[in-house]
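Participant: Sequence:
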Amino acid sequence: MRTNKYRRKHEKITSKMSMIKNYYYLIVGILSIVFSFTHSWNGQATVLPIVNTSSIDLSTKTTIFYVWHILTAENFIFGIAFLVMAFYKDLSKVKFTAWFIAVIIIARWGVISGSTLFKNINGFTDTWSDSIAIIIYVGLIILGTRIKDRT
Numbered sequence: 011m012r013t014n015k016y017r018r019k020h021e022k023i024t025s026k027m028s029m030i031k032n033y034y035y036l037i038v039g040i041l042s043i044v045f046s047f048t049h050s051w052n053g054q055a056t057v058l059p060i061v062n063t064s065s066i067d068l069s070t071k072t073t074i075f076y077v078w079h080i081l082t083a084e085n086f087i088f089g090i091a092f093l094v095m096a097f098y099k100d101l102s103k104v105k106f107t108a109w110f111i112a113v114i115i116i117a118r119w120g121v122i123s124g125s126t127l128f129k130n131i132n133g134f135t136d137t138w139s140d141s142i143a144i145i146i147y148v149g150l151i152i153l154g155t156r157i158k159d160r161t
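Residue numbers 11 to 161, in my numbering, belong to the letters of the sequence shown in order.
Some hints here could point you the wrong way.
What the hints assert, rightly or not - Pairs of lysine to aspartate or glutamate, DMTMM-like flavour, derived with a Cα cap of 20 Å: (1) 99 <-> 136; (2) 103 <-> 159; (3) 105 <-> 140; (4) 31 <-> 100.
Claimed, not checked - So the derived label-pair ranges between C-beta atoms look like this: (5) 68 <-> 33: 40 to 50 Å; (6) 110 <-> 146: 34 to 44 Å; (7) 110 <-> 138: 23 to 33 Å; (8) 135 <-> 40: 38 to 48 Å; (9) 72 <-> 156: 38 to 48 Å; (10) 100 <-> 130: 17 to 27 Å; (11) 40 <-> 139: 13 to 23 Å; (12) 127 <-> 94: 30 to 40 Å; (13) 57 <-> 105: 28 to 38 Å; (14) 64 <-> 33: 36 to 46 Å; (15) 54 <-> 93: 20 to 30 Å; (16) 54 <-> 156: 30 to 40 Å; (17) 40 <-> 116: 14 to 24 Å; (18) 139 <-> 64: 23 to 33 Å.
These are calculated hints, taken from the structure and not from any lab test. Since this is a predicted model, take the numbers as computed values, not measurements. Glycine included, every Cβ here is placed at the ideal spot set by N, Cα and C.
With these hints in hand, go ahead and build the complete structure from the sequences.
Facilitator: Here it is as structure tokens:
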């Protein structure tokens, strides 16, 4: 009696896990959502208070505030998209979206690195953690695009 109960529970868990079509997209989706929260938290805790207490004009402060939160929202939306794509039955139909998001992330990295090199070459080492995270993130996306449909 007891083994049947555990067997049914195990079968439910196994069937739900088999619903996941792409574990790479699942990981990227979770990472994206985590990145959105850490990005927002980091901004609210460290960057934006410095901006708010500086002597720059209100218009510039407002621009920095909303640009920071646009990136937070993008990370969250990318996370939701990858979570949905992880369960999508026909992976070939979402491959373009994955590549498109990867290109957006690579472009972001290019802007971060290029701006840092142009404006503050000494601060380039401060971008290493972002660079490593982006390389891992994009690498997981690329691995996810290589997964074939299981029929």
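Participant: Determine for every hint whether it applies to the structure shown.
Facilitator: Outcome of the hint check:
no.: 1; hint: 99 <-> 136; result: violated (40 Å)
no.: 2; hint: 103 <-> 159; result: holds (10 Å)
no.: 3; hint: 105 <-> 140; result: violated (25 Å)
no.: 4; hint: 31 <-> 100; result: holds (9 Å)
no.: 5; hint: 68 <-> 33: 40 to 50 Å; result: holds (46 Å)
no.: 6; hint: 110 <-> 146: 34 to 44 Å; result: violated (19 Å)
no.: 7; hint: 110 <-> 138: 23 to 33 Å; result: holds (26 Å)
no.: 8; hint: 135 <-> 40: 38 to 48 Å; result: violated (28 Å)
no.: 9; hint: 72 <-> 156: 38 to 48 Å; result: holds (43 Å)
no.: 10; hint: 100 <-> 130: 17 to 27 Å; result: violated (46 Å)
no.: 11; hint: 40 <-> 139: 13 to 23 Å; result: holds (19 Å)
no.: 12; hint: 127 <-> 94: 30 to 40 Å; result: holds (36 Å)
no.: 13; hint: 57 <-> 105: 28 to 38 Å; result: holds (35 Å)
no.: 14; hint: 64 <-> 33: 36 to 46 Å; result: holds (44 Å)
no.: 15; hint: 54 <-> 93: 20 to 30 Å; result: holds (24 Å)
no.: 16; hint: 54 <-> 156: 30 to 40 Å; result: holds (37 Å)
no.: 17; hint: 40 <-> 116: 14 to 24 Å; result: holds (20 Å)
no.: 18; hint: 139 <-> 64: 23 to 33 Å; result: holds (24 Å)
Checked against the numbered hints above, the structure breaks hints 1, 3, 6, 8 and 10 and satisfies the rest.
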